[in-house]
Amino acid sequence: MTGLQLAVLSLVRRKTATVVGILCVAVATFASGALISVVGTTARAFDEVDTDFDVIVGPKSSGLSVLLGGLGARNPSQDVLPYSLVRFVERKIEPRHIVPLHACSVFEGHPVFGTDGRFLNRPEGLVSPSVAEGRWFEATGEAILGSVAARETGLRIGDRFVVNGLIPSPSPEVSDWRKELEVVGILDNEGLPMDNAVLVGMETSQAYYNWELGLALAPPTKKDEAVTYFWISVHPEQTPLVKRWIHELSTAQMVDTKEEIAFLRSLSGGGKWTAWVLCSCILLLAVLGISVLVNARFESLKPELGLLRALGYSKLTVAGWILSEIAIIVLIAVALSILLEGIGIGWIDVPHLLSFTDTPTRWPSAWNLAVWFGVGLAALIVGIAPVVRLYCHNVQDSLQGF
Amino acid sequence: MQILYRGIEVQFRGMKDPLFRIGERRIESGARLLIRGPSGTGKTTLLHITAGLLDPHKGSVAIDGKEISSLSEGERCRWRRTTAGLVFQKLNLLGHLTALENVLLGSPAGETTKEKAREALTKLGIDDLANQLAYHLSLGEQQRVAVARVIARSPRLILADEPTSSLDARNAELVMQTLFQSTGKDGTLVVATHDERVLTRFRDIWNLEGGEIR
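Chains as they are written, first to last, in my numbering: chain F, 1 to 402; chain D, 403 to 616.
Do not take every clue at face value.
Within a straight-line C-alpha distance of at most 30 Å, the following computed BS3-like cross-link-like pairs (lysine-lysine) qualify [claimed, not checked]:
| # | chain 1 | residue 1 | chain 2 | residue 2 |
| --- | --- | --- | --- | --- |
| 1 | F | Lys315 | D | Lys468 |
| 2 | F | Lys243 | F | Lys92 |
| 3 | D | Lys587 | F | Lys302 |
| 4 | F | Lys315 | D | Lys460 |
| 5 | F | Lys15 | D | Lys418 |
| 6 | D | Lys516 | D | Lys587 |
| 7 | F | Lys92 | F | Lys60 |
| 8 | D | Lys418 | D | Lys587 |
| 9 | D | Lys492 | D | Lys460 |
| 10 | F | Lys315 | D | Lys516 |
| 11 | D | Lys587 | D | Lys518 |
| 12 | D | Lys418 | D | Lys460 |
| 13 | F | Lys60 | F | Lys315 |
| 14 | D | Lys518 | F | Lys302 |
| 15 | D | Lys492 | F | Lys315 |
| 16 | F | Lys60 | F | Lys258 |
| 17 | D | Lys516 | F | Lys302 |
| 18 | D | Lys492 | F | Lys302 |
| 19 | D | Lys418 | D | Lys492 |
| 20 | D | Lys460 | F | Lys15 |
| 21 | D | Lys492 | D | Lys518 |
| 22 | F | Lys315 | F | Lys302 |
| 23 | F | Lys60 | F | Lys302 |
| 24 | F | Lys315 | D | Lys518 |
| 25 | D | Lys492 | D | Lys516 |
| 26 | D | Lys492 | D | Lys525 |
| 27 | F | Lys15 | F | Lys315 |
Listing some non-contacts, in silico: residues in chain F with all C-beta distances to chain D over 12 Å [what the hints assert, rightly or not]:
| # | residue |
| --- | --- |
| 28 | Val38 |
| 29 | Arg96 |
| 30 | Leu213 |
| 31 | Glu259 |
| 32 | Ile261 |
| 33 | Val277 |
Residues of chain D placed beyond 12 Å of chain F at every Cβ, according to the derived structure [claimed, not checked]:
| # | residue |
| --- | --- |
| 34 | Arg427 |
| 35 | Glu475 |
| 36 | Thr500 |
| 37 | Glu503 |
| 38 | Gly508 |
| 39 | Ala574 |
| 40 | Gln579 |
Since the hints were made in silico from the structure, they are not lab data.
Since we're looking at a predicted model, the values are computed, not measured.
The beta-carbon is built from N, C-alpha and C at its ideal position, and this holds for glycine as well.
Extracted from the complex, chain D is given alone in its bound form (with noise of 0.2 Å):
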């Protein structure tokens, strides 16, 4: 799945100065790519823009040659049902579900099987707290099931975002390893994040910082 970026620009209403610029950007069918940059750099806003939940002041957005930014509202939510999948900042989950209903939510079109959930939430370590409403959880475990939402349809583009910010070292390491094998061999791989803990496993990366992509 390859993502265009072309002239992107975003500036928010009170701000001198465009948030961050992207001139022409590429990420490639089958990356696994790093964004990382210091906090209010714009890395959430990227993804928000690459999902289709965001407009871009200037410039669009293309995966596999569709502009995103041209969709209707309706497309971009069928778009994002058929291929993208999420892991929020805030995780949000629906704290009146369980941890394993919280899964099969992240699955609108149905395919997320009871039996798949339960595999994501196992290979996530908290297969114990499937029944366990989200509310009772810690945020470290919220975290995982916001991971097993995603990874339990397995989309062809995954968009995390701090996906490992409340986790311990070896669950940080448990989440991304996790991601990276739940990502096909041609599906597409983001995460946004300022963790040092997990750079060593990205060959690309993008460092937002000053308005710009370096």
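Just chain F, same shape as in the assembly (with noise of 0.2 Å):
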């Protein structure tokens, strides 16, 4: 017989023990790829959130937060600002530029912004977004589209859309909001997460955000036109004239971009090693285990190792039935994570399980392949401890008493 025979035949026989090193081999390696996975989405989409306007301005939330809905890259905020504070900045600093957003409904999950043309035409030193298909709006009733928006809904120019407002408890007395729309540009991929968006006009938006107010679902502005977010580009110095007026004088939130993206990165940064230490952990403990069962598997088979050896098989061959068992169950393991992975990490839908980006979960990334060859690596490491033992092993300890 050959050590893989006997492997084999270990193995088949030896059924619980063989699912349960299989199993815990394989919960290990799935945990650490769903991890590492959601990590590097994660890190990936705090990448791809940049801008080059100096401050946004939102409804009161965490600057975090306020960053990220400002730029489109997680579900923007539910409450608003009225539409008079950004006539007051531009009044009051006169700032080099201002964008204003409004949110307003999802469609196939991009989100619906209103704004107006100087979302287009930026001064100099700001980079202007400029349309690859198309033109940009001109009237109510039409749209524009974020490049991934356009990729992913398959909506092309002239094609009509509606995008609804959906009320929480339908009733007989209330009907949802629609409003058709016709596409009549798309946006250059800019890399931001802004291509993920649908652009309409201010009226369009005003109109959905004045159903809402009559359903008492958006909280009221004095009447007045509302805003979720503006982008303000300001001369140097005017920074903290900005935040004294926003902080002041509304109940707003301002953030500094730069700052706050130094910030995103230094948590990305952070989240990834967390997410490795982690990944180690987890790994080290499955290899702990294996390690234990491995070892106490070696002392219960001193009997048959001094059989085999009384029988006359090579240390060699005894050697290789050790190696295979463990290169069985690590493949077998492996290959049921990466099963557990393909289904599972789909599953799991990073973007919304952290409310966060819209970016793709990328599966099999190269830390995925890290992972895999890391449990490799580490069941050739544990592998070899029982066979050096076997090696030091004198075979005649193990025949007394035959």
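Using the hints, put the two standalone chains together into the complex.
What follows is the structure in structure tokens.
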């Protein structure tokens, strides 16, 4: 009999131990792989968040929420600000540029923002998005799509689609809000979260706000128009002034985008390290578990090893048996974990889980491959221990009482 | 296959006197030898020394002129694989393998085919147990599987330690008859036992008693 035959027979006949071993390794590998994928996706999403605007103003919330919501990297806030605040900042501070954004509705997972021509036409020094196909919207009922939104919805110039305002508790008295829109343009890909958005005119978004207001779904803004966020590009030294006016005269929240993005990146780096430490701990525990099992098994196998040696089996064959057992367990476990990851990671749906990003989960990534390779390597190390013990072991000790 | 013992002395730790001494003794090629003696006199130890599983504290064992005690562990292993077959006193079957697989296990070089293994089991009257796990076999059945493991590959030297201890008279006779038939003309059979039922089969008998062979 060969070492491989002995290993297969041993694994098949000791089903419980085999299944437990495979499940331990598979679950640890899956957990590590899932963690790496989630953290990797989040980190990539963080890296994509960028803007050359200096300040973002939004409803009272954490700085990170305002930054991510304001740039379209996560679901926008449900709260609104009065549009008069935009006018106030324009009048009092006279910044270089302001872009208002009003979040209204969602179309097939893509946020619909109301804005105006200032989104497209920015002063020198600020990167202006360009229209790849078609034109900018000019009338109510027209929409322009970010490149990702266009790709994922499959909409083309001239296509019509309907955005809905769905009331939480439908009743016969109140109907849903429906607005049919025509695609008139598609923006160039900028590699920013806004690529995921659908942009409509402020009139359209205000109509949605008024519908919400009528149902008491939205907070009132003293009969004013509403805005969710606005981006400000300031002249040098204006940032403290904006901060003072916003924080002293309104309930809005202002974030300095450069500071907040730097903080975001530091979180991303820390998250990666934490994930790797956690992964290492999970894998270490799995490896330690297997190591304990293998070494305990080696003790119980001593008479069997003695018998094999007495029958004339070489140490190489016996070592092949031990290593084959471990290799088979690890191969099946990694294959199982790949299957679980393939199903599970898609199911976990990182963007919605974190409510944070629309960046798709990339699987398998180089990090997943590293985890699988790491498990194999760890198993090899675990397998070497009993093999070394076998080579150091005096066969006559195992033969006492034969 | 000729075996030559020269100046063998075996003494285990804590023993005042050696377990046994063998001045110079020879087992000729083609011999059928019975080693008998009370329990604890060293029959198993002598078989293990002959198989290269144990080293004597003094002296040497030469088989066909080659000193076993001078071989490395790997060389002894190779020698057992190619030349010797052992029936252990404690049987030592792997419980998670079937009777047939245990017979195949006795052939590290792979010379025992499934057909030969089945044939060996048939000779010992246990072919119907071929697919039974060793765990589930009775002691007597296990003993016959252990014998089948050796005879399936027809080694030139068979060392059998108490091969009939758990068998009834009919099966003890069957096992001895099979062992004799399976040892070729030039092959050597050494049986260690205190089973009086098998005495009559042997012309060469060593009595290991009082630390000496008589």
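Here's how the hints hold up against the structure:
no.	hint	verdict
1	F/Lys315 <-> D/Lys468	23 Å, holds
2	F/Lys243 <-> F/Lys92	13 Å, holds
3	D/Lys587 <-> F/Lys302	36 Å, violated
4	F/Lys315 <-> D/Lys460	27 Å, holds
5	F/Lys15 <-> D/Lys418	49 Å, violated
6	D/Lys516 <-> D/Lys587	25 Å, holds
7	F/Lys92 <-> F/Lys60	21 Å, holds
8	D/Lys418 <-> D/Lys587	42 Å, violated
9	D/Lys492 <-> D/Lys460	27 Å, holds
10	F/Lys315 <-> D/Lys516	24 Å, holds
11	D/Lys587 <-> D/Lys518	20 Å, holds
12	D/Lys418 <-> D/Lys460	16 Å, holds
13	F/Lys60 <-> F/Lys315	71 Å, violated
14	D/Lys518 <-> F/Lys302	29 Å, holds
15	D/Lys492 <-> F/Lys315	23 Å, holds
16	F/Lys60 <-> F/Lys258	19 Å, holds
17	D/Lys516 <-> F/Lys302	27 Å, holds
18	D/Lys492 <-> F/Lys302	15 Å, holds
19	D/Lys418 <-> D/Lys492	27 Å, holds
20	D/Lys460 <-> F/Lys15	47 Å, violated
21	D/Lys492 <-> D/Lys518	24 Å, holds
22	F/Lys315 <-> F/Lys302	13 Å, holds
23	F/Lys60 <-> F/Lys302	69 Å, violated
24	F/Lys315 <-> D/Lys518	26 Å, holds
25	D/Lys492 <-> D/Lys516	24 Å, holds
26	D/Lys492 <-> D/Lys525	21 Å, holds
27	F/Lys15 <-> F/Lys315	25 Å, holds
28	Val38	41 Å, holds
29	Arg96	79 Å, holds
30	Leu213	75 Å, holds
31	Glu259	66 Å, holds
32	Ile261	61 Å, holds
33	Val277	40 Å, holds
34	Arg427	23 Å, holds
35	Glu475	7 Å, violated
36	Thr500	9 Å, violated
37	Glu503	6 Å, violated
38	Gly508	6 Å, violated
39	Ala574	21 Å, holds
40	Gln579	24 Å, holds
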